[in-house]
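Colleague: Protein chains in written order, with my numbering: chain A, 278 to 442; chain X, 88 to 262.
Worth flagging that the hints you see were computed from the coordinates, not collected in a lab.
Be a bit skeptical, because a hint or two may be false.
As the list claims (entries may be wrong) - Partial chain A-side listing against chain X, Cβ under 10 Å, derived: (1) Gln360; (2) Val361; (3) Ala363; (4) Asp416; (5) Val435.
Cβ coordinates follow ideal geometry from the N, Cα and C atoms, glycine included.
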Amino acid sequence: MSERTERSEGREHMPDRRSVSPAPGPTQVLADALAAEYAAIWAYGVIGVHLADAARTAARAAEAAHRSRRDALLLQLAEGAGQVPADRAGYALPYPVTDRAAALRLAVEIEERTAGHWRAALPHTTGADRNTALAALTDCALRATRWRRTAGVNPVTVPFPGRPA
Amino acid sequence: MVLTCPVGTGRTLSKQGRAGHSRRGLLRAGALVALGGVATPLTGCGLLDRDDAPPEPDALEPLVAESLALEARHRAAATAVPALAGRLNPIADAHRAHADEMRRMIGRPAPSGTPTPGPSGSPVTGRAAVLTELRRAEQQGQTNAARACAAAPAERAAMLGSIAAARATHVEALA
Chain A
278 MSERTERSEG REHMPDRRSV SPAPGPTQVL ADALAAEYAA IWAYGVIGVH
328 LADAARTAAR AAEAAHRSRR DALLLQLAEG AGQVPADRAG YALPYPVTDR
378 AAALRLAVEI EERTAGHWRA ALPHTTGADR NTALAALTDC ALRATRWRRT
428 AGVNPVTVPF PGRPA
Chain X
88 MVLTCPVGTG RTLSKQGRAG HSRRGLLRAG ALVALGGVAT PLTGCGLLDR
138 DDAPPEPDAL EPLVAESLAL EARHRAAATA VPALAGRLNP IADAHRAHAD
188 EMRRMIGRPA PSGTPTPGPS GSPVTGRAAV LTELRRAEQQ GQTNAARACA
238 AAPAERAAML GSIAAARATH VEALA
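Bound conformation, chain X alone (with noise of 0.2 Å):
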């Protein structure tokens, strides 16, 4: 990609006309390259060598994974079974919209774009199976945000109740 493009360095290729990409552009292009490659790296080392230690990961962003997981689980379903999207879709959105409200009590914004693919395995076919693969899904992790619930500060004991018994209730919708 960088090397379809002008490469800013300071000095014109006009003699070059209107091709406008010397050899010796592509190989200054090149080198910017290499040292960009370089370079990112080294910057990283620089950071890890900081008396500053990384942040302690949030307990809550096991759960989030969680939910977006469960989101692409459903959203993936919904593909496969479009005869259950009607069903699917607003349990994808509900976990969407926990991981959303997760990240905001942890502080960090939600990275935009569409839900990463699963470790969903091999495709599950077939209404039946889909939808029992999805209630163990639920199931469990229901489990997990029921325990993170028992085990949280006060001040998201309530969001965490809410995501333990909005997953208990898709299990109840999946049946």
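Just chain A, same shape as in the assembly (with noise of 0.2 Å):
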């Protein structure tokens, strides 16, 4: 859904994880989904605004939990020698999120962008660190399922979480 309007609009600000270059290192793809945790934390300030009761504490639950990863990463990427992508100040959005479906849309694609992100970085990791990525993918795609289930949406589940469309 995103996909499309993003690709209608030409956007370029929210990572896009199929823009992931051919053979990246363990560290690229990191940085790649230190800048999903970037971009899922920012979203979940324009989400949460639009959610009340328990959908806007789960918002600020999924906002914790992704901030709680970007740490992580920014802590392990910043022992390494290569470069540590900065946050932005803002990201354009794919859609105006004005109401509350729009904001539980949102959310819903945001978890599965962020997942697919930690799914790419499956292949070129190992031990530990391919551990965290599925925990991470996981946790994703856990949240996507309870924002489907918010939002009325069916299923509440997709067959393959983070696989590109």
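Now that you have both chains on their own, put them together as the hints suggest.
Modeller: Here it is in structure tokens:
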């Protein structure tokens, strides 16, 4: 959904998991995941204001979870020799987010997008790094499922979370 | 079945008229069936006696079997509790898609046909019990897929990661 909108609008600010270079190394894929986490944190700031009650609480928890992943990545990447990507001041939204329905739709898409970046890290990591990537992918997929349920989207699951459509 | 059909023995049975089956013909057919029954194991022995080692089972085979068993469990539960079918059938479809994708990766085509009824044991009835059973199975499945992802070569890691994550979301969807 969002990807179609994104393409039609020629956006390029939100990191797109399909734009990953063909043979990235572990540092590059983790830097991509970091960029996705930045965008997710920013998006939840927009999402949260259009939600109330339990959904707003869930948005806060989701944002905190993405901050936690971001911080872990910052620490890890700072130890390496590679460049650590910086956050941006803001991100272009794929469509106007002015009500609850659009906020929930964006929440699902943000989680699937971030799941895609973590999924892309799996082939380029081993051991603890791969386990971290899988845990992050799984967490994103779970949140996407919960947001679909909140939004009344059926089915609430997808066969291959994080896989490019 | 064989005996109800004309058997191509190379000689016509026209002398016997429209009935079509002579006693000799029937005996000949029986002999062919018997020969076939003997010949198959002989062929099997011949294959086994060759120097080629049997192909090593792919590491994904147990996960393929698990996906198909999970699919069968969800289909059976959807039949047992029709009110849950809308929730369970998409999950069953996902398990089938996982099995197909893994088979494609292994390089073995999917056998056609319906899923084999899994070793589900005694059928669980009742909405809550059904959901509890399925959640437990999905949790075990998630653990197994995550373990496989951790140990997988790079080219399989992403697919197995998606399968592990999908199984986790199934637990959530069944809550």
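Colleague: All hints are to be evaluated individually against the structure, with a verdict given for each.
Modeller: Hint check:
1. Gln360: It is violated, given that the least Cβ distance between A/Gln360 and chain X is near 24 Å, above 10 Å.
2. Val361: 24 Å, violated
3. Ala363: Cβ of A/Ala363 sits 27 Å from chain X, so the hint is violated.
4. Asp416: Constraint on A/Asp416 satisfied, holds at 9 Å.
5. Val435: 7 Å, holds
Checked against the numbered hints above, the structure violates hints 1, 2, 3; every other hint is satisfied.
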